[in-house]
Amino acid sequence: MENIIEVKNVSFSYGQNQVLNDVSLTIKKGEFIGVIGPNGSGKSTLMNLIIGKLKASRGQIYIFGESIDKLKQKHLIGYVPQRSFSFNLSFPATVFEVVMMGLYASIGLFKKPGAIHREKVHDALKIVDMYEHKDTLIGNLSGGQMQRVFIARSIVSDPQILILDEPTVGIDARSEKNLFDLLEKLNKAGITIIMVTHDIMAITEKVSRIICLSGGKVNEHCTAIDLLEAGASDLYGYPVKLEKHEHGGEKL
Numbered sequence: 001m002e003n004i005i006e007v008k009n010v011s012f013s014y015g016q017n018q019v020l021n022d023v024s025l026t027i028k029k030g031e032f033i034g035v036i037g038p039n040g041s042g043k044s045t046l047m048n049l050i051i052g053k054l055k056a057s058r059g060q061i062y063i064f065g066e067s068i069d070k071l072k073q074k075h076l077i078g079y080v081p082q083r084s085f086s087f088n089l090s091f092p093a094t095v096f097e098v099v100m101m102g103l104y105a106s107i108g109l110f111k112k113p114g115a116i117h118r119e120k121v122h123d124a125l126k127i128v129d130m131y132e133h134k135d136t137l138i139g140n141l142s143g144g145q146m147q148r149v150f151i152a153r154s155i156v157s158d159p160q161i162l163i164l165d166e167p168t169v170g171i172d173a174r175s176e177k178n179l180f181d182l183l184e185k186l187n188k189a190g191i192t193i194i195m196v197t198h199d200i201m202a203i204t205e206k207v208s209r210i211i212c213l214s215g216g217k218v219n220e221h222c223t224a225i226d227l228l229e230a231g232a233s234d235l236y237g238y239p240v241k242l243e244k245h246e247h248g249g250e251k252l
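The sequence shown begins at 1 in UniProt numbering and counts up one residue at a time.
Check each hint, because a few of them may be wrong.
[As the list claims (entries may be wrong)] Below 25 Å or equal to it, Euclidean Cα-Cα: the simulated DSS-like pairs (lysine-lysine) are:
{"hint": "1", "residue 1": "Lys-177", "residue 2": "Lys-206"}
{"hint": "2", "residue 1": "Lys-8", "residue 2": "Lys-72"}
{"hint": "3", "residue 1": "Lys-74", "residue 2": "Lys-8"}
{"hint": "4", "residue 1": "Lys-217", "residue 2": "Lys-177"}
{"hint": "5", "residue 1": "Lys-134", "residue 2": "Lys-185"}
{"hint": "6", "residue 1": "Lys-111", "residue 2": "Lys-134"}
{"hint": "7", "residue 1": "Lys-126", "residue 2": "Lys-185"}
{"hint": "8", "residue 1": "Lys-206", "residue 2": "Lys-28"}
{"hint": "9", "residue 1": "Lys-185", "residue 2": "Lys-28"}
{"hint": "10", "residue 1": "Lys-126", "residue 2": "Lys-8"}
{"hint": "11", "residue 1": "Lys-217", "residue 2": "Lys-206"}
{"hint": "12", "residue 1": "Lys-188", "residue 2": "Lys-217"}
{"hint": "13", "residue 1": "Lys-177", "residue 2": "Lys-53"}
{"hint": "14", "residue 1": "Lys-206", "residue 2": "Lys-188"}
{"hint": "15", "residue 1": "Lys-206", "residue 2": "Lys-185"}
{"hint": "16", "residue 1": "Lys-55", "residue 2": "Lys-28"}
{"hint": "17", "residue 1": "Lys-28", "residue 2": "Lys-53"}
{"hint": "18", "residue 1": "Lys-29", "residue 2": "Lys-8"}
{"hint": "19", "residue 1": "Lys-126", "residue 2": "Lys-188"}
{"hint": "20", "residue 1": "Lys-8", "residue 2": "Lys-70"}
{"hint": "21", "residue 1": "Lys-55", "residue 2": "Lys-72"}
{"hint": "22", "residue 1": "Lys-55", "residue 2": "Lys-70"}
{"hint": "23", "residue 1": "Lys-29", "residue 2": "Lys-134"}
{"hint": "24", "residue 1": "Lys-134", "residue 2": "Lys-112"}
{"hint": "25", "residue 1": "Lys-28", "residue 2": "Lys-188"}
{"hint": "26", "residue 1": "Lys-74", "residue 2": "Lys-29"}
{"hint": "27", "residue 1": "Lys-188", "residue 2": "Lys-74"}
{"hint": "28", "residue 1": "Lys-28", "residue 2": "Lys-217"}
{"hint": "29", "residue 1": "Lys-8", "residue 2": "Lys-53"}
{"hint": "30", "residue 1": "Lys-217", "residue 2": "Lys-55"}
{"hint": "31", "residue 1": "Lys-74", "residue 2": "Lys-55"}
{"hint": "32", "residue 1": "Lys-74", "residue 2": "Lys-185"}
{"hint": "33", "residue 1": "Lys-111", "residue 2": "Lys-72"}
{"hint": "34", "residue 1": "Lys-217", "residue 2": "Lys-185"}
{"hint": "35", "residue 1": "Lys-177", "residue 2": "Lys-134"}
{"hint": "36", "residue 1": "Lys-177", "residue 2": "Lys-188"}
[To be verified] Computed beta-carbon distance windows for the label pairs:
{"hint": "37", "residue 1": "Arg-118", "residue 2": "Phe-91", "range": "14 to 22 Å"}
{"hint": "38", "residue 1": "Gln-16", "residue 2": "Ile-107", "range": "40 to 48 Å"}
{"hint": "39", "residue 1": "His-75", "residue 2": "Thr-136", "range": "20 to 28 Å"}
{"hint": "40", "residue 1": "Arg-174", "residue 2": "Lys-126", "range": "14 to 22 Å"}
The set of hints was computed from the structure by calculation and includes no laboratory data. Just so you know, even glycine gets a beta-carbon here, dropped at the ideal spot from N, CA and C.
Please build the complete structure, drawing on both the sequences and the hints.
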């Protein structure tokens, strides 16, 4: 498989606080990557560097073989941020209109969506099983339904890469299982997925690899058991315990 993302010797600091220190990793096309680590370890920072929202103080990031700084096809990277639920839910936007926001870059400023754009929104909503709610106000949805809508918004532009930052926060166990099933379906359809999560044992059943960020460095493990054997408590900085998860998986 070809390399779709290459992070080479990347460092990043917020002022005097160095978050990432000489981080390197490679992600191949079609992989499903789980990114874990303690709070403040730089998981969200790394995701924002990969999508080009932040710029590394040192090192390079290549997407599809091109430097992220020069990448023109940024619509090929779908992103569901950590605070999707901070979306103004009182804003009178329908599900259809929220997903259409994912096409504004291609539609153009102050231009009206055409038939092809409406069709793409319908297709994205069908993929996430939210088409029947297309005329529902976003604020009237459950947490799991909203997360599916935000995923639809991120895939409506036909990305090759989908990055999700803590997408299971704020949703119940059943919605979480449905989300994992959806992501597995998208991955099998050819989308490379990178998911930041704290739910180690649940995600290890789905992902190709687990990458752990700790102390500004990257540590890679194949399964949650490998992670424990490598010393998860040392990586996290506090005792780690595995527990059964409500929907049949397990969690940290």
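Open item on the list: Could you work out which of the previously given hints the structure breaks and list their numbers from low to high?
Closed with: Hint check: 4, 10, 12, 13, 23 and 34 fail, others pass.
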